[in-house]
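When you number the sequence shown by our numbering, it's gap-free, plus one each residue, and the end is 447.
Hints are computed from structural coordinates only; laboratory data are not their basis.
Careful, some of the hints might be misleading.
Derived DEER-like restraints, expressed as beta-carbon distance ranges [unchecked claim]:
{"id": "1", "residue 1": "Thr-212", "residue 2": "Ser-371", "range": "23 to 31 angstroms"}
{"id": "2", "residue 1": "Gln-153", "residue 2": "Thr-417", "range": "49 to 57 angstroms"}
{"id": "3", "residue 1": "Phe-103", "residue 2": "Gly-152", "range": "19 to 27 angstroms"}
We treat Cβ as the ideally placed atom computed from N, Cα and C, and that holds for glycine.
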Amino acid sequence: MKKIITIVTFFALIIFVVFAFNYFSSQNKTQYKLGLYKSGPFYFRVHPIEKLELAAQVYQQTFSFTDLTKRSPVLIELAENEAKLIADAAIKKSESLAKTKKFPKIKIYLPKPSENFNWGQLSKKAQLEFSDSISTDTHVLVTINDQPYSRGQLLLNQVQLSLLQTQQFYERLRVLQSSATRYLLLKQAKEQRTTIESLINEQIYNKRKEVTDQEVVTFALSKGVDLSKSNSKTKSIFKNILTEHQRNSAIDSYIAAHFPNEELNIYFQPPNYKIPLSEKKAIISENTTNNNKATLFVFSSFNCGTCKLLAEDLDEIRQEYSHKIRIAFIHLFPTSDWRSRLTAEASFCVNEQNSSAFWDLFKKVSQAKESIDEQKLVEIVKSTNVNYDKFNKCFVGQNYKKQVIDQVKYASDLGVTNSPTVIIGTEVLNGTILKPQLEQAVNADLF
Numbered sequence: 001m002k003k004i005i006t007i008v009t010f011f012a013l014i015i016f017v018v019f020a021f022n023y024f025s026s027q028n029k030t031q032y033k034l035g036l037y038k039s040g041p042f043y044f045r046v047h048p049i050e051k052l053e054l055a056a057q058v059y060q061q062t063f064s065f066t067d068l069t070k071r072s073p074v075l076i077e078l079a080e081n082e083a084k085l086i087a088d089a090a091i092k093k094s095e096s097l098a099k100t101k102k103f104p105k106i107k108i109y110l111p112k113p114s115e116n117f118n119w120g121q122l123s124k125k126a127q128l129e130f131s132d133s134i135s136t137d138t139h140v141l142v143t144i145n146d147q148p149y150s151r152g153q154l155l156l157n158q159v160q161l162s163l164l165q166t167q168q169f170y171e172r173l174r175v176l177q178s179s180a181t182r183y184l185l186l187k188q189a190k191e192q193r194t195t196i197e198s199l200i201n202e203q204i205y206n207k208r209k210e211v212t213d214q215e216v217v218t219f220a221l222s223k224g225v226d227l228s229k230s231n232s233k234t235k236s237i238f239k240n241i242l243t244e245h246q247r248n249s250a251i252d253s254y255i256a257a258h259f260p261n262e263e264l265n266i267y268f269q270p271p272n273y274k275i276p277l278s279e280k281k282a283i284i285s286e287n288t289t290n291n292n293k294a295t296l297f298v299f300s301s302f303n304c305g306t307c308k309l310l311a312e313d314l315d316e317i318r319q320e321y322s323h324k325i326r327i328a329f330i331h332l333f334p335t336s337d338w339r340s341r342l343t344a345e346a347s348f349c350v351n352e353q354n355s356s357a358f359w360d361l362f363k364k365v366s367q368a369k370e371s372i373d374e375q376k377l378v379e380i381v382k383s384t385n386v387n388y389d390k391f392n393k394c395f396v397g398q399n400y401k402k403q404v405i406d407q408v409k410y411a412s413d414l415g416v417t418n419s420p421t422v423i424i425g426t427e428v429l430n431g432t433i434l435k436p437q438l439e440q441a442v443n444a445d446l447f
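Use the sequences and the hints to build the structure in full.
Have a look at this one:
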């Protein structure tokens, strides 16, 4: 049974990633204005929270958080993980307080994730409950025996919590976008005296493009799945997902053309906690002391599959937003990965001479089709704009061995476990990170 659940969860997460892919890769460029998000055909306007259960207003329909979670198994899982992470941190906080009772009463200011939510083993350590009202102090996340505590006062993995909150925010938008799309399609279908399916098949998606096997293989690799080692059922699942993406893209284009500038009201906030990070540990994209620029922290290696996908987009972001942001790069890879360690040390030596050469190295290593050994790495370095003799002296002498070790440890201490992970302002992104996601996070922080 446990194995079956794991498999179901795996494919549910794949579907979630694909919906996110569809959400952010729409032909309409994602834009951000103060209090207003846009992706695909819809704008999302953020309003102050009015009451705890009110989540959104979509045309004639009001959505509660429960309504949204019922429409998304992934959203339920994310919300449950958030609640348990906070509860565990609150329990640890109570244990650190000398005067706290052994079985504390802990109230968490979050909506209940689902009707059947179970605290599991945590219920043996504390009396846990959700609040049915909003705290008068917006900084209060929990109360322990009626004593309020903010997020920063709890002993928790701040990166993991922000990641869960970022994922929930965009998954809620996806659910609302899906509901709004259906509403408008139904409206069009009624006016034309037809059905939604007929409208889609005859007008919207009538020029279907067959997904090729190579497209399926490439897409699967971007999600960390090698289809050469998979059965035909798995290949079929990925092909169906890509086909569904094409269909959704066509629908988005239709909605954008027939209902431009549609605006939906939401009453849930994007993540609002800024994780304290240190630029001193990072390779900075430029040598500057300009404190007015926003800093985008990237925790990544040069060699992992999703890291390679990020490389080109990240360099474009660096150039397009050069007057607004700087990028702080921190190497993150398994300590047993000697190829990534060599590449990391080489990148420090290259960056010592020329920060632009660092990004050139990142892109070229990412684009390499063969495995990177020392010989191949040296070959790539020679193609960058650096003095090779100076580089070689630095590289052979392992001048930056300690700095690389320190970076990996710093990421671990912060609670960053997945490569790549991007943190800017209050948002945390990881896994397959698309350029529109980076743009929206950057623009949100700038405003």
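Here is how each hint holds up against the structure:
1. Thr-212 with Ser-371: 23 to 31 angstroms: holds (26 angstroms)
2. Gln-153 with Thr-417: 49 to 57 angstroms: violated (23 angstroms)
3. Phe-103 with Gly-152: 19 to 27 angstroms: The hinted range 19 to 27 angstroms holds for Phe-103 and Gly-152, with Cβ atoms some 25 angstroms apart.
Of the numbered hints listed earlier, the single one contradicted by the structure is hint 2.
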